[in-house]
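Number of protein chains: 2
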Amino acid sequence: MFRNLSYAACALAVGIKNQFDNPQSIISSENSLTLSRLNLERCLPQVKASGQECQMYVGDRIKRAVGFPQLTACCKPLRYKDFIISYDTKNRIPNWVYEHLQYYKFYKDDPCDRRANVCPYKEEEGRLHGQEKPKFHPDCRIHGYHRADVRDYCDSEYELGLMADPANYPFDAEACAETQVMTNVVPIVPGFSCGPWFDLQCYIREKLVRENKSVYVCSGPLFLPCENDGKVQMKFDVLGEGEVSVPTHFFKVIIIETHDGNLELESYMVPNCKPDEGEEVKLDDYLTPLCQIEHASGLIFFPEKKVCFTSNNKRRGARLHAL
Amino acid sequence: MFRNLSYAACALAVGIKNQFDNPQSIISSENSLTLSRLNLERCLPQVKASGQECQMYVGDRIKRAVGFPQLTACCKPLRYKDFIISYDTKNRIPNWVYEHLQYYKFYKDDPCDRRANVCPYKEEEGRLHGQEKPKFHPDCRIHGYHRADVRDYCDSEYELGLMADPANYPFDAEACAETQVMTNVVPIVPGFSCGPWFDLQCYIREKLVRENKSVYVCSGPLFLPCENDGKVQMKFDVLGEGEVSVPTHFFKVIIIETHDGNLELESYMVPNCKPDEGEEVKLDDYLTPLCQIEHASGLIFFPEKKVCFTSNNKRRGARLHAL
Numbered sequence: 001m002f003r004n005l006s007y008a009a010c011a012l013a014v015g016i017k018n019q020f021d022n023p024q025s026i027i028s029s030e031n032s033l034t035l036s037r038l039n040l041e042r043c044l045p046q047v048k049a050s051g052q053e054c055q056m057y058v059g060d061r062i063k064r065a066v067g068f069p070q071l072t073a074c075c076k077p078l079r080y081k082d083f084i085i086s087y088d089t090k091n092r093i094p095n096w097v098y099e100h101l102q103y104y105k106f107y108k109d110d111p112c113d114r115r116a117n118v119c120p121y122k123e124e125e126g127r128l129h130g131q132e133k134p135k136f137h138p139d140c141r142i143h144g145y146h147r148a149d150v151r152d153y154c155d156s157e158y159e160l161g162l163m164a165d166p167a168n169y170p171f172d173a174e175a176c177a178e179t180q181v182m183t184n185v186v187p188i189v190p191g192f193s194c195g196p197w198f199d200l201q202c203y204i205r206e207k208l209v210r211e212n213k214s215v216y217v218c219s220g221p222l223f224l225p226c227e228n229d230g231k232v233q234m235k236f237d238v239l240g241e242g243e244v245s246v247p248t249h250f251f252k253v254i255i256i257e258t259h260d261g262n263l264e265l266e267s268y269m270v271p272n273c274k275p276d277e278g279e280e281v282k283l284d285d286y287l288t289p290l291c292q293i294e295h296a297s298g299l300i301f302f303p304e305k306k307v308c309f310t311s312n313n314k315r316r317g318a319r320l321h322a323l
Numbered sequence: 001m002f003r004n005l006s007y008a009a010c011a012l013a014v015g016i017k018n019q020f021d022n023p024q025s026i027i028s029s030e031n032s033l034t035l036s037r038l039n040l041e042r043c044l045p046q047v048k049a050s051g052q053e054c055q056m057y058v059g060d061r062i063k064r065a066v067g068f069p070q071l072t073a074c075c076k077p078l079r080y081k082d083f084i085i086s087y088d089t090k091n092r093i094p095n096w097v098y099e100h101l102q103y104y105k106f107y108k109d110d111p112c113d114r115r116a117n118v119c120p121y122k123e124e125e126g127r128l129h130g131q132e133k134p135k136f137h138p139d140c141r142i143h144g145y146h147r148a149d150v151r152d153y154c155d156s157e158y159e160l161g162l163m164a165d166p167a168n169y170p171f172d173a174e175a176c177a178e179t180q181v182m183t184n185v186v187p188i189v190p191g192f193s194c195g196p197w198f199d200l201q202c203y204i205r206e207k208l209v210r211e212n213k214s215v216y217v218c219s220g221p222l223f224l225p226c227e228n229d230g231k232v233q234m235k236f237d238v239l240g241e242g243e244v245s246v247p248t249h250f251f252k253v254i255i256i257e258t259h260d261g262n263l264e265l266e267s268y269m270v271p272n273c274k275p276d277e278g279e280e281v282k283l284d285d286y287l288t289p290l291c292q293i294e295h296a297s298g299l300i301f302f303p304e305k306k307v308c309f310t311s312n313n314k315r316r317g318a319r320l321h322a323l
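Taken in order, these protein sequences are the chains called D and U.
With our numbering, the residue at position 81 of the first sequence is 81, and numbering never jumps.
With our numbering, the residue at position 86 of the second sequence is 86, and numbering never jumps.
These aren't lab readings, by the way, just hints derived from the structure by calculation.
This one's a predicted model, so the numbers in the text were calculated from it and none came from an experiment.
Among the hints, a few may not be true.
Identical copies carry no separate label here, and so any pair may be met within one copy or between two of them.
Said to hold, decoys possible - With a straight-line cut-off of 20 Å between C-alpha atoms, the simulated DMTMM-like cross-links for lysine to aspartate or glutamate are:
1) Lys135 <-> Asp110
2) Lys231 <-> Asp155
3) Lys231 <-> Glu157
4) Lys207 <-> Glu277
5) Lys207 <-> Glu241
6) Lys213 <-> Asp110
7) Lys282 <-> Glu257
8) Lys235 <-> Glu157
9) Lys63 <-> Glu257
10) Lys207 <-> Glu132
11) Lys105 <-> Asp60
12) Lys81 <-> Asp172
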């Protein structure tokens, strides 16, 4: 259940434990001692001294003395070559992964373009270009307590799913290999990546990227509660010693930059389950209001309110957060 | 299940929905059209132009164009008069609440000290000083999507528990009233606040604050998974339309600043349950290694590693993260 125990810290707590076999009695006996020592001469300067120290704001005092606790890498997103990840140290999966997809990175229209298609990795071509097969690897910027490991997924019914899709970097071996960093990995139900999620990825590459100037894609996990015997409950599996949370859903928020400089928005939510066999996937069934994704994820997608989504013939637009 | 729907955003999604009744067919028909339009003259300059634009790092491009999604108030803690809160927008409860407790704020040794004890609020004295009874109130810095409301707790089996304890501000009506802000509130099982949590609060005030220069206290909720039919699962209740998560445990990390300038650490974890009747509470049973709290909370308490805990006669110390 728990890896990387800090034995030094444990020893500290055990040390304290040994000293306080009966804390109540210590409190009462020592308090009376302390009280008996108090007298007016001693207390007056003490009150004044403390008062002076307190002119500094409480937050600054705490920050200076002990520092604030940090959710690692939550505020400062992790930078990779071609995508950005905000990591969720509580659930050991990303909060969100942001990509910026552009036509020229996917398609070769120039006959002089000599870029080789290196992703997905092909054994023979890889050897030819001296590239090793990408492996799942940890990001050492995340503290050992909060890292997921491939071993957490062993003996579980889940697979390693990738938020930043390697197929988005066909000509870039480095970016493609970086998608296998464990901060980009989420537990998915086997078959999930063949359902609407796959169709969504293809739709982005084959339609949106082809027809527009560029496309910003933000993907991430969601945890939605369910009703059980009249009680609303959150319930999800937790994997391995690293305690990796299995999301119930995933989202994709897509911002399309058109050739005429407008921004358009589409947002989707897909459940983390195997699609029914033979059923035709209709992507528009998964369209979800952005506010619903924002409510469930705890995120505000456009906090600076500088993004204005315009309408065109195809889609109706609206300025977000204009309520 | 869901409050404050952004109807503008919904309309946008519905608008898109209407346009894409059969996205697959649109993709195939329009792709062929796009492909047929491509020719060498058009593509070469396009590739070059995109290449120039891409000299900017992908993260900077995303930030400039659409901005990063934000977990509101997660990075920048919320400042109150006498405590600091990091708010968890996913669970609508605090990540942590930090207080700095000092002797002179609790005790009056100076006979000329005219401060009146205003907390907990007493009807008669309050009227005398023209103070209203503190009420639970929202913090408007938190987006409406992620705010908890008193109504979320109605018709539930849980009570409103306070992380920053009003009893820590006996002479400060403003700080005392501020503890009733909804960002400081967590759902607790009835009876929880009479068990070891209460003893811990008394121990901090009556022993640690009395005997030391000052005490830094960081309190917060935890979610621990449990084993169910050989499967490790996270399971907790979710309250009301605001979907407020009910934590399974709470922690207190206490840093004691002694009169000789040393810092000492004690860390506790208490389950969110009603204590067994008649059972004697032993605080040291709840002492928990800091690393265990850090693992479960996703927090690193001393990220700057500048805090050095010294040993003295009473407690054994250790430098944290020295592994």
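Here's how the hints hold up against the structure:
Taking the closest pair of Cα atoms, Lys135 and Asp110 never come within 20 Å of each other, the shortest separation being 32 Å inside a single copy and 68 Å across copies. Within a single copy, Lys231 and Asp155 get their C-alpha atoms only as close as 31 Å, which misses the 20 Å cut-off; across copies the closest is 11 Å, which meets it. Taking CA atoms no more than 20 Å apart as the test, Lys231 paired with Glu157 passes between copies only; the shortest distance there is 11 Å, against 27 Å inside one copy. In this assembly of identical chains, the alpha carbons of Lys207 and Glu277 never lie at most 20 Å apart, being 25 Å within a copy and 65 Å across copies at closest.
Neither within a single protomer nor between protomers do Lys207 and Glu241 lie at most 20 Å apart by alpha-carbon distance, with minima of 41 Å and 37 Å respectively. When the C-alpha separation of Lys213 and Asp110 is checked against a cutoff of 20 Å, the pair qualifies only within one copy, where the shortest distance is 17 Å, while the shortest distance between copies is 72 Å. For the identical chains of this complex, Lys282 and Glu257 are neighbours neither inside a copy (24 Å) nor across copies (62 Å), given an alpha-carbon limit of 20 Å. Both within a single protomer and between protomers do Lys235 and Glu157 lie at most 20 Å apart by alpha-carbon distance, with minima of 16 Å and 19 Å respectively.
Within a single copy, Lys63 and Glu257 get their C-alpha atoms only as close as 42 Å, which misses the 20 Å cut-off; across copies the closest is 14 Å, which meets it. For a Cα distance limit of 20 Å, the shortest separation of Lys207 from Glu132 qualifies neither inside one copy, at 32 Å, nor across copies, at 61 Å. Taking identical chains as interchangeable, the C-alpha atoms of Lys105 and Asp60 lie at most 20 Å apart only when they sit on different chains, with a minimum of 18 Å there against 47 Å within one chain. Taking CA atoms no more than 20 Å apart as the test, Lys81 paired with Asp172 passes inside one copy only; the shortest distance there is 10 Å, against 52 Å between copies.
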